[in-house]
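Please build the complete structure, drawing on both the sequences and the hints.
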Amino acid sequence: MSSRRNYLTKLAFEQESRNWVRRSCNVLVHVLFTLKGVRQVSQAQLRVLDISENGLMATSHRRDIPDHFFISIGDHQYHIGCAVVHRENGVLHVRFIREQPTVFINVFASLADPFALLEEIRPALYGLEGLA
Numbered sequence: 027m028s029s030r031r032n033y034l035t036k037l038a039f040e041q042e043s044r045n046w047v048r049r050s051c052n053v054l055v056h057v058l059f060t061l062k063g064v065r066q067v068s069q070a071q072l073r074v075l076d077i078s079e080n081g082l083m084a085t086s087h088r089r090d091i092p093d094h095f096f097i098s099i100g101d102h103q104y105h106i107g108c109a110v111v112h113r114e115n116g117v118l119h120v121r122f123i124r125e126q127p128t129v130f131i132n133v134f135a136s137l138a139d140p141f142a143l144l145e146e147i148r149p150a151l152y153g154l155e156g157l158a
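Residue numbers for the sequence shown follow our numbering, beginning at 27 and rising by one.
In short, the hints are calculated from the structure, not lab data.
Fair warning: there could be bad hints in the mix.
What the hints assert, rightly or not - What follows is a set of in silico ranges between Cβ atoms, one per label pair, in the way DEER data are often shown: (1) VAL47 <-> SER68: 27 to 35 Å; (2) LYS62 <-> LEU151: 36 to 44 Å; (3) LEU58 <-> THR128: 19 to 27 Å; (4) GLY63 <-> VAL129: 35 to 43 Å.
Note that beta-carbon positions come from the ideal geometry of N, C-alpha and C, so glycine has one too.
Shown next, in the form of structure tokens:
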């Protein structure tokens with residue numbers, strides 16, 4: 027991780043203690059981040075290997091994913107602010123800026139189709155009714 031830190035990284039480190047159980051999964055999600063300041067928005071995919079209410083562990087073919095990004099669920103229907111707290115051998119250890127609903131995390135981890143969250147979703151089926 028870079029030596030530059032801002033309030034998002036500080037917030038993620040303040041949540042360092044693990045209060046939630048990690049659930050194994052194999053799900054792809056889109057991530058959005060800016061390049062060259064805020065002049066260009068870029069998109070990549072993460073393969074989520076495990077997830078909890080306050081973070082996840084994932085891999086990506088892209089090596090230029092910055093320390094701060096948004097996960098985009100469905101057709102840009104729900105966004106999760108994220109901060110990378112550790113990088114090791116191509117694996118990103120990520121904390122969510124805000125704790126996610128348990129019902130959503132349970133559904134996320136139980137998905138059999140790794141591509142399910144890349145297209146439009148029905149929020150009520152994912153525990154996101156009223157949020158997405």
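Now the hints, each set against the structure:
Between VAL47 and SER68 the Cβ separation comes to about 32 Å, which falls inside the hinted range of 27 to 35 Å. Between LYS62 and LEU151, the C-beta spacing of about 37 Å keeps the proposed range 36 to 44 Å intact. Distance hint check for LEU58 and THR128: the Cβ-Cβ separation is about 25 Å, which falls inside the suggested range of 19 to 27 Å. Checked against the hint of 35 to 43 Å, the C-beta distance between GLY63 and VAL129 comes to roughly 37 Å, which is consistent with it.
When each numbered hint is compared with the structure, no violation occurs for any of them.
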